Structures are given as structure tokens and as C-alpha cells.
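Given chain A, put chain F in place with the hints provided.
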Amino acid sequence: MAPSSATQQVLLSPAELSYLHTSLALNPPIRPDGRAPTQFRPLIAECDILPGTNGSARICFADGTEAIVGIKAEVERSRPSYSNTSQDTSPTENDEEEDEDDRTEEKESMEKKGRNEWVEVSVEIPGFRDEDSMPVFLSAMLSEALLADGEFTGRLWINGRFHWKLYLDILLLSQPLSYPLPLLSLTTHLALLSTRLPKLKSEGDEDPMFDDDWDASIYLFPRNSKIYTRPPVTLLVMAVKGNIIFDPSKEELAVAEVVLAVSIAERPRIGERTSKERDLRLLAVRTIDPPSRLTHPGVPDAINTATGGAAVNSIEEATSRREVTEEEGVWQPPRGGAKRKLIAEMIRKVLEKGGVAEEVLDGLDAVELG
Amino acid sequence: MAITILAPAPAAPEKPREDFSDDSDDGGVGLGDERPAKRARHSAKDIVTPGEIVTDDPQWMRGHGTFVASGRTEIVAAVAGTVQKTNKLLSVRPLRARYTPEIGDLVVGRIIEVQSKRWKVDVGAPVLAGLPLSAINLPGGILRKRTETDELQIRTFFSEGDLLVAEVQSLHQDGSASLHTRSLKYGKLRNGVFLSVTGTGGGGGVVRARRQVWTIDAAYGAGKVDVILGVNGYIWISKHVEVAGAETAITRMEEAVSSTVYSSQNDEIAPETRKEIARIRGVITLLVEEGLRVDEDMVTKGYETAVIVDAEEQGESSAYLGGTRGKKVLSLLSGP
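If you're matching them up, the sequences are chains A and F in order. FYI, in my numbering the residues of the first sequence are 1 to 370. FYI, in my numbering the residues of the second sequence are 1 to 336.
Same shape as in the complex, but just chain A (with noise of 0.2 Å):
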């Protein structure tokens, strides 16, 4: 669970607090800007920014917050591994496999199989330390939604040998207002997608060779391929008392109820996309500590000596006072944790077919790269 210190306070008085709470919690949700709960913010988006590196995109949105990401391949020596040879037998054994060419196939796809340890993500925060809570729980949710399909290090195989050692580099430019989450992993996305990695003209397990031609170099994530795939994305939603919000601004964040970071992926698919609808898959859902935990509660005129109320004596009587009296229009810290029904809405409403997460990854797909 993400520390709440990753999410920044916003100081608000009570009021405000109760007001925007209310606000959220009618039906439908007005929201501070008038957005529809599934509207996102405008954002401005570009790829190919860096010419020195293999892939890069930048994303600035709405509130002013901006992030690079550049990506870095190297070839690396791989390490040999003890599991490739045991995994040796196991085709020879198999009966059922009578074909010459469909063994030696099975062999290479397993032995094709990527290390976790060829990705390497480093998330940099201004103002944080590489070693703070907050870019250490950033970088480790974004590598763990790439990392999860287990099938994208096998796209920097080489050769026996020999592999692709990849480095996401990926920069906060402005001051974190809000929580960053959803703006790194939009922009490692596209940076993914603008990705590539210079062809290969060696063969087998020798020394590897490139094509010294950029353009004829390939797409990590090819457009037009046999097989169809794309990075993860990883969203932030919320909730206030059954309504769910997506692309919380900091005011929202800070009268929420659950905050979810939900990382989905498409699953892999053979041939062209035929329809317009996409295979989601639902990576990881991890929760975030709401920031309106750690505000102080409102005084309600009836024990509010300023205005006329009688004073309680005893901080016991004030709680117990607070959690007797659900008044309107004082704001109160959300208790407890939340319901499963809820969360379960939540995580059904990002992948419902034409919700929120095509529409994100449509979006993304259009943007030109280069």
C-alpha cells in the first residue's frame, strides 16, 4: 500500500471540505470544474522528443504537471541460466510432439523467455530522494504492471547469448500537486509505444550484428505485426459514497473516500484488430492511502463555542459526539475501510467495453510518432 505521504496535502479549511464532499456524493457528482465523472482533462502529448535515446514522450496536463520519459537499450551478455537446461527434456519426452521442426520451435519459444531483470525503471520526483518512499512505490507499480504479462522481456531476446537490457528513465518536471501516478505511467506508455530497437542481421548465437539504418529499425511494439500487443497503463480512480470519479484533480483526491490505481493491459492477440473494442486485462489494483484521512473534522455550531454551542468536556464525548451525529454540512475524515462491492464497481467500470480505459488507449494510439 502506497504511503500517504505519497499523495500531497492540500490544506483545506473544513468548509471547503465538506462542501466539495457533498458536492461528489450527490447523483450525478457535480464536480469542482463541471467535468462528467468519466471526462478526463485535456492533456498535451508528444513522442520522439529525445533524439539520443530509443524511445521518448513527453505529457504535460491540464494542472500544469509535465513528465518525460526517455528509454535506453543496451546489449548485454546474458547470464546462463540452470532452469534452460533442465527445461531440455522435457520436449524429448513428449510423445505427442512428432514433428522435428515443432520441437526445435517449442525449444527456442521457451528459451526465449526474458529475465525481469532486463528492465530496469528509475522514477526521479524534484524534491524527493531516489530513496523516499515515493519514487521507490512509483517505480516499483509501474515496472510490476509491465512485468506482469511475463511476456514482454522475451521481446529483448537476442540471441542465446545475448539480450536487450532496457532503461526507463522516466522525469517528473514539475512539482508532484497531485498524485503522479497516472501521468507517468501515460507517458512510459507512449514512450513504449515510440520505442525501437535496431534490426537484426546476425544469426543464431553469434556475436550480435545491427543494421546500422535507424529507419529500418523495429518498433518494440509494432503497429502492424502477426502479433498485436501494447504496453500497460496504469489509471487512478476514486470514489466518494458510490460515485466514481476518474482524473481526480488534488481537490477531489483530498475528499475521497478510496483511491485505486488500477494497471491494465490488452491481451495479446493474433492477426489485426477487427473490431473497434479492445481484450482488457486487469493487471494490478493497488490502493492508496486518501489524503482526507489525516484532516481534522469540522465543528458543528451545536458544540462550536463561537457560535453559541456548548463546548464538550471531554475529548471521549467529542469523538463518541462525532460518531453519534451525522450532521450536514460538517465535514467528517471518511472512516473505515472500503466496501468490496464497491472497489468491484470500480475495477468493472474501467474495463467495461467503450469505458474509460479504450477510450485512454485510443487516444494514445493516435498520438503520431516521430
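Warning: the hint list may mix true and false statements.
[Claimed, not checked] Below, a list of computed lysine-lysine pairs in the DSSO-like style, where the Cα atoms sit at most 27 Å apart:
1) K199(A) to K72(A)
2) K120(F) to K250(A)
3) K117(F) to K250(A)
[To be verified] Some residues of chain A that are not near chain F, with every Cβ distance over 10 Å (derived):
4) N116
5) D130
6) L280
7) N304
Think of the hints as simulated: they come from the structure by calculation, not from any bench. Source: prediction; values computed, not measured. We put the CB at the ideal spot given by N, CA and C, even for glycine.
This is chain F only, laid out in the frame that chain A set:
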């Protein structure tokens, strides 16, 4: 429709340099060799850059934003801005600057610290402003001396994070302001939303005007909405709540301080009102993004235009002014 991804705007093209060019890259102050010493400045839109000589006529006294190098008589601009002349005083008003408090400004501030007999308030200035306990209206009406009980209960009046509207009473040597809320129209704010706009000096942003606080009759049956434009760029939009007995003589003002002045509890606010408040917030954000000035006139016109645009648009009525609706509102505002 849920997500709009735009391409980045191209960089603004280089404008051709006219008459005087101030090549600060050369590493030297442009001495007025090639230009006349006394340049006639006709338009107020003349912008000077730091280090540029404004004049070397000895009749001028130097004001804010300028300096005179020792041993010389020229007045040199210290900030980038427009030249302002009042009688014999020459000052340069900066284009972009943090809010500098002036006496008499109506400001919206947020309590940051609670000290023994005063509060420290963030008003968007370089230094926190102070609000002494003696400068607020105590509920209970009658003029009463501030007792120790008041000091101990100081948090019942204003606590950290509370928003208030106040007036700048005086300035200290270091530029920090001292506030007061000794009027019925000042005090703690509730029933609404806060909005912060960084003022762009020289025309855009919140400007000092005759009326900083006014009430809008919102559309769609939403009732009255109060708008408070703090000169420091902090804005409060809320539902208008009738203060009982607000029209009293100044001698009886203390008695009229209502008991709800320091309440943190919001009143009942209808969804229509909340939607209109969101719309006004969107209008102000739009004005600021375009660099237009934010005052009563522009906000009211912008709001009326936004209501018209919303009524004309097909589909669901929405208060969001971020996309195409916002552009429509702007074009209607600047057009006729």
C-alpha cells in the same frame, strides 16, 4: 469524448525587433549611445526590461521598480514592466509579480499558523500576513475586552486551514501586511469553493476595482451566488446567505455580529447552485488563461455568455468550460 489528447502548441515565432534593441546576451547594459537620452514615451504599453535606461532627466524622482546606480544620474529599470508616471515620480510596474499588499486591499487569505495572540495568514504575498486577535469581531455583540479565555480559545475562531476575507490595515517595514476583519462583510468563509489565480500584472489577473464583492443572480433557478475577488488573486465563490440585520448603523455594529460568523458548518446548498458555482469557477479560470482582466464586469459578462452557450449546445447541459465550450465563450466575449 472522455479524453482529449492535443498536440503541443508550436513555439511562438520570433517577432522582428524594432527600433531599440536590448541585447542582454551581450553581457552589457545597453547604454544610450544610439538613442536620445530623453525618449518620449507616449503610450503606456511601452515595456522596459531590467537594466534598460528609462531616462536621465534629473527632474524625475525614482519610484518602485527602478534604481539609480551610484555616481550616475540615469534611472534604470530594475524589473520588466511598464513605465508609470505620476507627477514627478517615475516607477516601473512589473509584468508578473507576486501580490504586494497595499493598505485598504480586500484580500482572501488562509490561516497557516495559530500563535498566541494572532494568526499568520497566507495571502499570496512573499511574507505571511498577520491577523491579531484584537482585529476581529468577537461574537456576542457587545464590545468586550479580549480576555485570557479568548486567547486560550483562539482556535474556536480561526483554525489552521480556514479561509477568511479581510482588509489590509497596515504594512510593516518588511512589507508584511496586518489584516483586520472589523466589518460585517469580513470574516470566515463557508458554503462555497476557493479558487487561486496567479495574477499576471499589467492588465491580466484580478485587478483592483471599485467592487470586489458582488452577487450574481445565477441561472437555472440557482438563487444568488456571492463572488469575492481578492486582490491577491484568491477568489471565493459561494452561495449567498442573508445575514440577518446586516443593515445597522455603525454604532450598533458590534451587536449585530451574528452568531454564525465563525461557523464551520455549511448550510444546505441545492445541486443547481453547486452547478452554477462550478460554472462561474470555470469562467474565471478561462479569463485567467486568456490573460484577460478579472473584475466584476468581465466575470458577469462571461457568466452570461457561458449560460447562453450551454443552452445552445446540444446534449446534456454541462458546466465544464475546458474544451470547445470554453473556446466558444471566449470568442463571444471578445467578438462584439
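Where does the structure disagree with the numbered hints, that is, which hint numbers, in rising order? Per hint list: 3 and 7 violated.
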